[in-house]
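Same order as they appear, the protein sequences are chains A and B.
When the letters of the first sequence are read in order and numbered with our numbering, they come out as residues 1 to 172.
When the letters of the second sequence are read in order and numbered with our numbering, they come out as residues 1001 to 1182.
Calculated from the structure, these hints are not laboratory results.
Fair warning: this is a prediction, and the values are worked out from it, not measured in the lab.
Note that the Cβ used here is the ideal one computed from N, Cα and C, for glycine as well.
Any given hint could turn out to be false.
Ranges of calculated distance between the beta carbons of each label pair, as one might list FRET restraints [unchecked claim]:
id, chain 1, residue 1, chain 2, residue 2, range
1, A, Glu60, B, Asp1048, 29 to 39 Å
2, A, Thr80, B, Glu1134, 27 to 37 Å
3, A, Thr20, B, Val1097, 35 to 45 Å
4, A, Glu51, B, Thr1177, 19 to 29 Å
5, A, Thr80, B, Glu1074, 22 to 32 Å
6, B, Val1097, A, Gln162, 20 to 30 Å
7, B, Asp1058, A, Lys167, 24 to 34 Å
8, B, Thr1181, A, Glu60, 21 to 31 Å
9, B, Ala1163, A, Thr20, 13 to 23 Å
10, A, Asn159, B, Asn1075, 39 to 49 Å
11, B, Glu1182, A, Thr20, 27 to 37 Å
Here are the simulated lysine-lysine pairs, DSS-like style, with alpha carbons at most 30 Å apart [stated by the list, open to error]:
id, chain 1, residue 1, chain 2, residue 2
12, B, Lys1025, A, Lys6
13, A, Lys153, B, Lys1025
14, A, Lys6, B, Lys1072
15, A, Lys149, B, Lys1030
16, A, Lys149, B, Lys1072
17, B, Lys1072, B, Lys1095
18, A, Lys54, B, Lys1066
19, B, Lys1174, A, Lys39
20, A, Lys132, B, Lys1062
21, A, Lys149, B, Lys1066
22, A, Lys29, B, Lys1069
23, B, Lys1030, A, Lys54
24, B, Lys1062, A, Lys29
25, B, Lys1033, A, Lys160
26, A, Lys149, B, Lys1095
27, A, Lys28, B, Lys1062
28, A, Lys153, B, Lys1066
29, A, Lys28, B, Lys1174
30, B, Lys1174, A, Lys41
31, B, Lys1174, A, Lys149
Output of the computed footprint for chain B on chain A, the stretches with three or more beta carbons under 8 Å from beta carbons of chain B [stated by the list, open to error]:
id, stretch
32, 10-18
33, 39-45
34, 48-55
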Amino acid sequence: MNNIEKIDRLLNLYFAGETTIAQEQELKKYFASQHVAAKHKVYQQIFETFETEKSEIYPENLPKMKILTVRKKPFKTLITSAAIAASILLMIGIFRTGGDSYVIIKGKRINDKELALQIAQTEMNKISASLKSSLKSLQTIDHINETMKTLHKIENIKNKVQNTLNKINIKL
Amino acid sequence: MISDVIKSAKLRYLYKGTNKKMNTKQFNDKILKLADKTYRLAKSILYDEHAAQDAVQDLNLKLWEKRGKLDKIENITGFVLRAMRNLCLDRLRRKHVENELQNDLEYRESDPHSQLEKKDMATRATVLINQLPELQRTIIRMRDVEGLELDEIAEITSLTENAVRVNLSRARQKIRTQLLTE
């Protein structure tokens, strides 16, 4: 079987929808060559058209995903909030010596119950404001559920501190 | 729309023992790399570059929202192309309804300049392919442009493999008949 007969047979299979991918590749290769028989020229544009269409791509200048560019800032804010909360927790030391109770806030020893609570409350409000700010940013994106878990942990820490302060309030 | 696709699709799930959402890199590697294919498919169905670009954007955003489920899909290419086709067909249906309403109000002739421009840019074969019914048009392009296997096309179009073969043959024969009679 010469090449022309072989191509005729492949074309018959092609138009019957019976060709394999490999046989279709063979046809594409033939029609892309310089040796297309005159009787086959009419089919050449079909295969050329498919090859042209295959080279058409999604425009590169268009953003493929807008959402992928908006993740970093809220996450950074969250980390900052967590750091602030952690540093404040470290700054507030609570000490009891025998029957004499006192608290140390930002390195200062404070015996006055009202003053201690007032300073602690102010610091807690700062944490709360910081958390609220983070939440507001986070609500704008789709990942809210995942990141909220971390925030809840910080909220839990805040609650534990609040409980501790309440206990101090009772014992002082 | 996409949630309906996900619910109704005959998906073959491959559980990998994890239920983690795709991260950005996985989403880029698995979904966004298909943008060229989905764009060509959308353009073939919608006949409009900008509408096709919008469709790709919308589909990618919807798939991002559903990324928790995508990790379980075995044939992601087939799934995404199927979702793209369904999204485009849905838009065509909506447009058809809008056009019917518009036609009731006034008769609008299409812009002759854009018609001429489109005709000049397209080859005769492209014109003939574009004149095929949507199903045949989609099938011939999935096979001859994207190089998909018949079983993959069957999954995307919700047809049997044999029905795909019949439609593919009809589409190719129509183009041949037109070319031979001109």
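Quick rundown of the hints versus the structure:
Between Glu60 of chain A and Asp1048 of chain B the Cβ separation comes to about 19 Å, which falls outside the hinted range of 29 to 39 Å. At roughly 53 Å, the beta carbons of Thr80 of chain A and Glu1134 of chain B sit outside the given window of 27 to 37 Å. Range check, Thr20 of chain A to Val1097 of chain B: about 42 Å between beta-carbon atoms, so the 35 to 45 Å window is met. Taken as a hint, the range 19 to 29 Å holds for the pair Glu51 of chain A and Thr1177 of chain B, whose Cβ atoms sit roughly 22 Å apart.
The hint said 22 to 32 Å for the Cβ distance between Thr80 of chain A and Glu1074 of chain B, and at roughly 42 Å that hint is violated. For Val1097 of chain B paired with Gln162 of chain A, a C-beta distance near 58 Å fails the hint of 20 to 30 Å. A C-beta distance of roughly 55 Å is found between Asp1058 of chain B and Lys167 of chain A, which places it outside the suggested range of 24 to 34 Å. Separated by about 41 Å at the C-beta atoms, Thr1181 of chain B and Glu60 of chain A break the suggested range of 21 to 31 Å.
For the pair Ala1163 of chain B and Thr20 of chain A, the supplied restraint of 13 to 23 Å holds, since their beta-carbon distance comes to about 19 Å. Roughly 48 Å separates the CB atoms of Asn159 of chain A and Asn1075 of chain B, a value that falls within the hinted 39 to 49 Å. Separated by about 30 Å at the C-beta atoms, Glu1182 of chain B and Thr20 of chain A satisfy the suggested range of 27 to 37 Å. Taking the CA atoms of Lys1025 of chain B and Lys6 of chain A, the gap is near 46 Å; set against the 30 Å cutoff, the hint is violated.
In summary, the hint linking Lys153 of chain A to Lys1025 of chain B is supported, as the alpha carbons are separated by about 28 Å, within the 30 Å threshold. Between the alpha carbons of Lys6 of chain A and Lys1072 of chain B the distance comes to roughly 44 Å, so the proposed pair goes past 30 Å and is violated. Taken as a hint, the Lys149 of chain A and Lys1030 of chain B pair is honoured in the structure, with Cα atoms around 28 Å apart against an allowance of 30 Å. Distance check on the hinted pair: Lys149 of chain A and Lys1072 of chain B sit about 24 Å apart at the alpha-carbon level, within 30 Å; holds.
For the proposed pair Lys1072 of chain B and Lys1095 of chain B, the alpha carbon gap of about 33 Å is over 30 Å, so the pair is violated. Using a Cα cut-off of 30 Å, the hinted pair Lys54 of chain A and Lys1066 of chain B holds, with the two alpha carbons roughly 29 Å apart. About 18 Å separates the Cα atoms of Lys1174 of chain B and Lys39 of chain A, which keeps this hinted pair within 30 Å; it holds. A hinted pair counts as satisfied when its Cα atoms are at most 30 Å apart, and Lys132 of chain A with Lys1062 of chain B qualifies at roughly 29 Å.
For the given pair, Lys149 of chain A sits about 20 Å from Lys1066 of chain B by alpha-carbon distance, which is consistent with the 30 Å threshold. For the suggested pair Lys29 of chain A and Lys1069 of chain B, the alpha carbons sit about 40 Å apart, so the restraint of at most 30 Å is broken. Distance hint between Lys1030 of chain B and Lys54 of chain A is fulfilled; the C-alpha atoms sit about 20 Å from each other, no more than 30 Å. The hinted pair formed by Lys1062 of chain B and Lys29 of chain A fails the criterion: a straight-line CA distance of about 39 Å is larger than 30 Å.
Distance check on the hinted pair: Lys1033 of chain B and Lys160 of chain A sit about 48 Å apart at the alpha-carbon level, beyond 30 Å; violated. For the hint pairing Lys149 of chain A with Lys1095 of chain B, the CA-to-CA distance comes to about 43 Å; that exceeds 30 Å, so the pair is violated. Distance hint between Lys28 of chain A and Lys1062 of chain B is unfulfilled; the C-alpha atoms sit about 36 Å from each other, more than 30 Å. A threshold of 30 Å between alpha carbons decides the hint, and for Lys153 of chain A with Lys1066 of chain B the separation of about 26 Å falls inside it, so the pair holds.
Under the criterion of a C-alpha separation no larger than 30 Å, the hint pairing Lys28 of chain A with Lys1174 of chain B is consistent with the structure, at around 19 Å. Taking the CA atoms of Lys1174 of chain B and Lys41 of chain A, the gap is near 17 Å; set against the 30 Å cutoff, the hint holds. Straight-line distance between C-alpha atoms of Lys1174 of chain B and Lys149 of chain A comes to about 59 Å, which puts the hinted pair past the 30 Å bound. Check on the stretch 10-18 of chain A: 5 of its residues sit with their Cβ under 8 Å from a Cβ of chain B, so the three-residue criterion for coverage holds.
Figure legend: the stretch 39-45 of chain A, annotated as covered by chain B; annotation consistent (3 residues with Cβ-Cβ distances under 8 Å, at least 3 required). Coverage of the stretch 48-55 of chain A by chain B holds [criterion: at least 3 residues with CB-CB distance below 8 Å; count 6].
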